[in-house]
Amino acid sequence: MPPAYKIIVVFVLLVNVVPLLQPLRKLVERGGKRDDVVVSEEKLRPIRNLLPPHEVIGYITAGEVTKENLVELEACRIFYMTQYALAPNILMHEITRRYVVGNFKTHEEALATARQQRMTILKDFGNGLLLLQGKQTP
Amino acid sequence: MIAYLFSLLVMLAVGVLATRFILRQSYLPLPLIVCLGSITGIGISSCSYFLFLLLFTAHAQTAWWISELSLMALLCAGLFFSPSKGYFKLNFRSAGNLLTIACLIVGLIVIGSFWLTVYLQPHSNWDALMIWNVRARFLERDPFGIANTFSPLIFWSHPDYPLLLPAIVSFGLLLTGESQFAPASIAFLFTMLAPLLLITSLSYLKTPRHGLLAGLILFTTPFWTACGASMLADVPIACYFLGTMVCFSLYDKDKNPNFLIMTGVFASMSAWTKNEGQFFILCVIAASVIAARNVKIGRRALLSVFTGGIPVLLLLFWFKMTLAPQNDLIAGQGASSTTQRLLNPTRYLIVAQYFAVYLVTFGAWLISPVPLLALLSPILRVRLDDVTSIRAACTVVLMILGYAVIYITTPTDLAQHLSTSVDRLFLQLWPMGIFAIGMSLPIEEVEQKVLPDSAMPEPNASL
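From first to last, the protein sequence lines are chains A and B.
The first sequence maps to residues 7 to 144 in the working numbering.
The second sequence maps to residues 2 to 464 in the working numbering.
Simulated from the structure, these hints should not be mistaken for laboratory data.
Beta carbons: idealized from backbone N, C-alpha and C, even for Gly.
Hints are supplied without guarantee of correctness; some may be wrong.
As the list claims (entries may be wrong) - Beta-carbon label-pair distances, calculated as ranges:
#1 A/E48 <-> B/S152: 22 to 28 Å
#2 B/G97 <-> A/L27: 40 to 46 Å
#3 A/R54 <-> B/R294: 58 to 64 Å
#4 B/T347 <-> A/F17: 35 to 41 Å
#5 B/G113 <-> A/K39: 34 to 40 Å
#6 B/G113 <-> A/F17: 19 to 25 Å
#7 A/P58 <-> B/Q341: 44 to 50 Å
#8 A/Q28 <-> B/W319: 39 to 45 Å
#9 B/P326 <-> A/L27: 40 to 46 Å
All chains should be built: construct the whole structure from the sequences, respecting the hints.
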């Protein structure tokens with residue numbers, strides 16, 4: 007291989023080391039902020055042991071979860087994080103199950119939604135997390 | 002944690018010993034056997050643990066330990082009593098210090114980048130969290146509730162996907178008390194093993210310079226490390242694709258039929274990692290027939306795939322027939338709707354546009370090496386004139402064509418489907434592509450391999 011080409015090859019390869027350092031930049035940018043999933047795991051831990059095994063659990067949150075643009079929607083991100091934390095219980099975005107998990111950003115939002123849906127709060131974990139009694143289908 | 006670290010050691014040891022036993026009549030470098038064996042070991046452990054989970058459920062862990070330790074003892078005994086050849090010694094000094102040092106430094110940067118990414122997002126990114134890690138949690142937290150694990154109610158988590166990663170990660174979660182070190186360590190092994198396999202295989206099959214350059218190209222693909230640290234299955238499947246191709250090439254060199262058995266093992270494990278692996282088996286068979294221009298050799302390749310791959314393929318068949326719901330892409334097909342999509346020229350254009358852009362940019366490079374490699378090929382005298390390089394190149398081309406057909410007929414939104422997956426699909430083929438280029442680069446006269454006396458095999462040398 008002629009030397010000039012060797013230089014080009016080595017240059018291209020070494021330039022591409024720069025993006026490998028991106029996590030360092032992210033670390034600096036993030037500061038003291040913790041990973042979303044880690045925070046969600048801690049928030050949902052107390053409710054996990056209360057759920058009956060093998061039962062499909064209802065789910066409610068603020069905002070709509072639709073099939074379109076699933077990942078972009080904040081509500082969908084929270085839904086996936088909740089399902090991840092509460093596995094092996096299956097979570098369905100509906101309120102007609104025996105138990106319903108309410109996962110909201112704030113406590114006020116949680117209480118307001120429960121009131122609006124006329125649902126009974128079985129346990130209030132604070133921090134926007136509720137265990138609700140589902141609305142039975144007629 | 003100690004139990005998990007010990008189990009990792011055991012699974013890698015079983016893989017290395019099994020590979021050494023199968024290939025004991027071949028004169029290979031030890032690092033190459035370690036790379037091939039480690040990748041195999043993770044696959045064997047995943048399959049056996051999932052099988053025991055189905056058969057013994059509550060005692061799956063005990064069954065796994067008994068089976069792995071017994072297998073290890075048997076393989077040690079087998080290697081002790083049956084004569085095997087010594088090890089080929091790789092001489093990296095012939096590649097030049099600069100290349101070796103560059104590879105080492107970049108390798109260390111990759112390791113740092115990997116663990117920093119894991120520190121920043123210990124539960125992986127969205128795809129891994131929604132598909133692989135959530136399934137691992139289902140298996141670990143409720144092995145008795147297998148119906149829930151593969152329920153169509155959680156269709157968005159693709160419960161039909163094969164289980165190499167979820168099975169082995171669930172085992173790790175069980176031993177570590179749900180530490181994220183379990184999925185991260187498995188991801189780390191795969192992220193490092195593919196470049197190391199490229200280095201060791203090409204160093205043996207061509208020259209250490211070929212090997213180190215190939216390794217450097219993969220190490221300096223930022224998307225490779227990012228995908229690996231995100232615990233996505235695209236990196237493990239790329240390892241199995243590469244392993245298949247390496248074993249085929251070793252067969253071309255040594256004509257030891259046991260390499261064909263290893264080919265089957267790797268190909269079947271790719272099918273146990275992701276659905277793309279099932280398509281890969283067809284492509285690699287077709288590519289072998291094209292490369293050999295002889296259907297008889299193609300049949301031998303087919304037989305080898307089934308001989309080596311039959312245990313894993315049977316497990317996959319069982320999973321697909323009894324547990325997995327129908328794949329969403331297949332479920333969304335119908336005679337009229339598929340025909341309509343196939344006859345729509347706009348879809349071809351969209352796919353072609355995405356492929357043209359992502360073929361150059363999928364690695365998230367600052368400067369893409371793909372056009373450079375294409376431009377330099379005539380100067381570097383890249384020649385597809387032997388069965389090994391033609392097979393590897395044909396497999397890559399057939400896989401790309403297959404992916405294009407899948408996109409054209411996808412029942413989901415085409416642009417969204419392409420933008421969320423095409424870069425990962427190309428990444429799966431990237432190590433195999435680098436291997437194909439490496440195999441088609443000629444050896445310069447000055448860098449002909451020099452075998453030191455110490456590298457010669459000793460008669461009756463055993464492990």
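A quick look at each hint next to the structure:
The supplied range of 22 to 28 Å is met by A/E48 and B/S152, whose beta-carbon atoms lie about 27 Å from each other. At roughly 26 Å, the beta-carbon separation of B/G97 and A/L27 lies outside the given 40 to 46 Å, and the hint is violated. A C-beta distance of roughly 60 Å is found between A/R54 and B/R294, which places it inside the suggested range of 58 to 64 Å. Distance hint check for B/T347 and A/F17: the Cβ-Cβ separation is about 40 Å, which falls inside the suggested range of 35 to 41 Å.
Roughly 21 Å separates the CB atoms of B/G113 and A/K39, a value that falls outside the hinted 34 to 40 Å. Taken as a hint, the range 19 to 25 Å holds for the pair B/G113 and A/F17, whose Cβ atoms sit roughly 22 Å apart. In this structure, A/P58 and B/Q341 meet the distance hint of 44 to 50 Å, their C-beta atoms being roughly 46 Å apart. For A/Q28 and B/W319, the Cβ-Cβ distance of about 42 Å falls inside the hinted range of 39 to 45 Å, so the restraint holds.
Separation of B/P326 from A/L27 is about 42 Å and conforms to the stated range, judged on CB atoms against 40 to 46 Å.
Checked against the numbered hints listed earlier, the structure breaks hints 2, 5; every other hint is satisfied.
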